[in-house]
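A.B. asks: Chain residues, written in single-letter form:
There are 2 protein chains.
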Amino acid sequence: MASSARFTITYRIAAGSEDEAVQFAEKIGTEQSVEMPLEAVPESGKLSLPHIIDMVQWAENLWDATLTYPKSLFDSDTTQLMNVLFGNISMLHNIKLIDIDESVWKDNLHGPAFGISGIRKKLDVTKRALSCTALKPIGLSPAELAENAYQFTSGGIDIIKDDHGLANQSSAEFTSRVSAVVQAVRIGEQASGKKTLYFPNITTSPAYVLDRFHEAVEHGADGVLVSPQLTGIEMLHTLSNRGHLPLMAHPAFSGSFVIHPNHGFTPELYYGTIWRALGADSVIYPNTGGRFSFTRETCIAINHNLRTDLHSFYKTFPTPAGGIDLSSLEQEIAAYGNDTIYLIGGSLYKQKDGLQAATENFQTVLRSYE
Amino acid sequence: MASSARFTITYRIAAGSEDEAVQFAEKIGTEQSVEMPLEAVPESGKLSLPHIIDMVQWAENLWDATLTYPKSLFDSDTTQLMNVLFGNISMLHNIKLIDIDESVWKDNLHGPAFGISGIRKKLDVTKRALSCTALKPIGLSPAELAENAYQFTSGGIDIIKDDHGLANQSSAEFTSRVSAVVQAVRIGEQASGKKTLYFPNITTSPAYVLDRFHEAVEHGADGVLVSPQLTGIEMLHTLSNRGHLPLMAHPAFSGSFVIHPNHGFTPELYYGTIWRALGADSVIYPNTGGRFSFTRETCIAINHNLRTDLHSFYKTFPTPAGGIDLSSLEQEIAAYGNDTIYLIGGSLYKQKDGLQAATENFQTVLRSYE
Numbered sequence: 001m002a003s004s005a006r007f008t009i010t011y012r013i014a015a016g017s018e019d020e021a022v023q024f025a026e027k028i029g030t031e032q033s034v035e036m037p038l039e040a041v042p043e044s045g046k047l048s049l050p051h052i053i054d055m056v057q058w059a060e061n062l063w064d065a066t067l068t069y070p071k072s073l074f075d076s077d078t079t080q081l082m083n084v085l086f087g088n089i090s091m092l093h094n095i096k097l098i099d100i101d102e103s104v105w106k107d108n109l110h111g112p113a114f115g116i117s118g119i120r121k122k123l124d125v126t127k128r129a130l131s132c133t134a135l136k137p138i139g140l141s142p143a144e145l146a147e148n149a150y151q152f153t154s155g156g157i158d159i160i161k162d163d164h165g166l167a168n169q170s171s172a173e174f175t176s177r178v179s180a181v182v183q184a185v186r187i188g189e190q191a192s193g194k195k196t197l198y199f200p201n202i203t204t205s206p207a208y209v210l211d212r213f214h215e216a217v218e219h220g221a222d223g224v225l226v227s228p229q230l231t232g233i234e235m236l237h238t239l240s241n242r243g244h245l246p247l248m249a250h251p252a253f254s255g256s257f258v259i260h261p262n263h264g265f266t267p268e269l270y271y272g273t274i275w276r277a278l279g280a281d282s283v284i285y286p287n288t289g290g291r292f293s294f295t296r297e298t299c300i301a302i303n304h305n306l307r308t309d310l311h312s313f314y315k316t317f318p319t320p321a322g323g324i325d326l327s328s329l330e331q332e333i334a335a336y337g338n339d340t341i342y343l344i345g346g347s348l349y350k351q352k353d354g355l356q357a358a359t360e361n362f363q364t365v366l367r368s369y370e
Numbered sequence: 001m002a003s004s005a006r007f008t009i010t011y012r013i014a015a016g017s018e019d020e021a022v023q024f025a026e027k028i029g030t031e032q033s034v035e036m037p038l039e040a041v042p043e044s045g046k047l048s049l050p051h052i053i054d055m056v057q058w059a060e061n062l063w064d065a066t067l068t069y070p071k072s073l074f075d076s077d078t079t080q081l082m083n084v085l086f087g088n089i090s091m092l093h094n095i096k097l098i099d100i101d102e103s104v105w106k107d108n109l110h111g112p113a114f115g116i117s118g119i120r121k122k123l124d125v126t127k128r129a130l131s132c133t134a135l136k137p138i139g140l141s142p143a144e145l146a147e148n149a150y151q152f153t154s155g156g157i158d159i160i161k162d163d164h165g166l167a168n169q170s171s172a173e174f175t176s177r178v179s180a181v182v183q184a185v186r187i188g189e190q191a192s193g194k195k196t197l198y199f200p201n202i203t204t205s206p207a208y209v210l211d212r213f214h215e216a217v218e219h220g221a222d223g224v225l226v227s228p229q230l231t232g233i234e235m236l237h238t239l240s241n242r243g244h245l246p247l248m249a250h251p252a253f254s255g256s257f258v259i260h261p262n263h264g265f266t267p268e269l270y271y272g273t274i275w276r277a278l279g280a281d282s283v284i285y286p287n288t289g290g291r292f293s294f295t296r297e298t299c300i301a302i303n304h305n306l307r308t309d310l311h312s313f314y315k316t317f318p319t320p321a322g323g324i325d326l327s328s329l330e331q332e333i334a335a336y337g338n339d340t341i342y343l344i345g346g347s348l349y350k351q352k353d354g355l356q357a358a359t360e361n362f363q364t365v366l367r368s369y370e
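Keeping their order, the protein sequence lines are chains A and B. Using my numbering, the letters of the first sequence map in sequence onto residues 1 to 370. Using my numbering, the letters of the second sequence map in sequence onto residues 1 to 370.
For the record, the hints were derived by calculation from the structure and aren't laboratory data. Since no wrong hints were added, every one of them can be taken at face value.
Which copy is meant is left open, so a pair is good if it fits within one copy or across any two.
Below, computed lysine-lysine pairings styled on BS3-like, alpha-carbon distance capped at 30 angstroms: (1) K121 to K194; (2) K350 to K27; (3) K352 to K27; (4) K46 to K71.
All chains should be modelled from the sequences, with the hints used to inform the complete structure.
C.D. replies: Next up, the structure:
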């Protein structure tokens, strides 16, 4: 019954000695598979056991342990794959996932349904970087948000997303908001003479995200924003399977998995590989120099994983956010290149000449690198 | 439009001085509400702003900041409430949620649908503590798992749950497994002369958890196991709203939110208050002395929040797991009392006389404290 196919996970383990690291790696393997004393595992459970196949010292007190796990631990269930990756060991210090062999994504996942090329095609922009901004703050009415959307669109913005906190508040209920903003964007496009894409936020109760997704489709949205760690991370996969609209993934509620030096996932594995494999067409992450603490090297590593060859998966648009304003945009483009969506939210709202003029300046910079 | 009702969150902030703590608290408030420069917030967005109402030094370099937020930031959307609690700030160090005022749970949530009293009623056990074990490991067939379930049931176990990694693997697909185990439990009850409850694991793609829940109901399961951090945390609320079966919540993928000293939530706020408010009837957490690192004090604090008065919510069964075997059970009961489900998994499988005899010993200890 069980397939004999296996895949590997590499953990960076903090330990006082190699012996200690080996013991810890064995404990991890048991925890993430049979979760019972080895002497009590019956014959038919032994197929589920992982094995350590490599152990390399990386730095003082840090070892990289590679374990091979049977794919029969999760078969076709991606949520259970996430559980095998980090379920119980999320409760442990001194362990960080740094690599997962690519074969694991191939069996059940297909990556983004649109990717960089698909989003470029929707915008008819072949080479330059893309601009993105956010509708905010919570508290504005659909008419006020739509007016902002009109300003951004007439200034020529490429993508407008909802602020990730816009849900179904009485100040701007989902349906009225999406309907008003889509209409404003379509009118603004006539002023700008170019396409603008609107991505409303569909993050809500996980059992009802698909309903909201289909509402967004019906109302003529061009993509959707979703926070996978609030809806259940696998939601990306379910949504991308529908193939209707590109998915922009937001990191809300996910920081705890990536910001600790000896815990969780590396940001490039989590945002770069896993979110792409699950189907994100664009991945928002906290840019260096912003309100959060990623280094430039980490951001570049995330971009690399989003855009590198991975099976036949489309490439995903890195979408650095925070720490970018019009004066620093050129240096960001120098660092990240054109296959990037630059998300400027708050600082556009601060520009004295209004949203339309601020957006025109934004586009001018991007076009100069075309 | 927007309601003027507010609620408070208290954060423990690590900072070098009170000034620094105040600045950090202000940054948190902006991040979790308008998420834009204050000077750019329009009039209708100002209602969304939080205010610092208290700042108390807790210890050296630690301050407790209480902020009051408008409930209009989330209205009736519990997922958006989670985003307000910890969305973007999940990407920050030096901040831990330690308290949330109770009023926030009252508007949209109702706590467990069954709770301690409802689960006791199903078992017809009024006073003593309850026993629980897990079907494992992954790799066993439905028939093998059902045979184990029969042994546990004939020994008189109160609750059998699936191992949290049992999903829909080809070795034991969900439907065949639930059907075989329910049947085995019903036969075992005739041998024991008492009721046993079976909780299959319904954790899967968030969009399909409700389908699996209804399948569990149809197949005669007595409750379900779910890992909220894999399905989207709000799933507990959606499931408890159905009111069909008690929910046992598993901490897989949630450790990153609670194990860091200066990051996340306190375990008692997260597992004790939030999971109860969302609707968990039983909350599994890693017991002290087990494979993870909670202290006895933390476990007692979780138990307290699960069982204390909170609006008219039912009390939730604390379900400590790990670090308990038959020899230590008496000392655990002395620490946690009878309104507790003691979950012994792996160590029951190690008993030489077989699962039925091991379960009988388990029940004997619990009955001695009746």
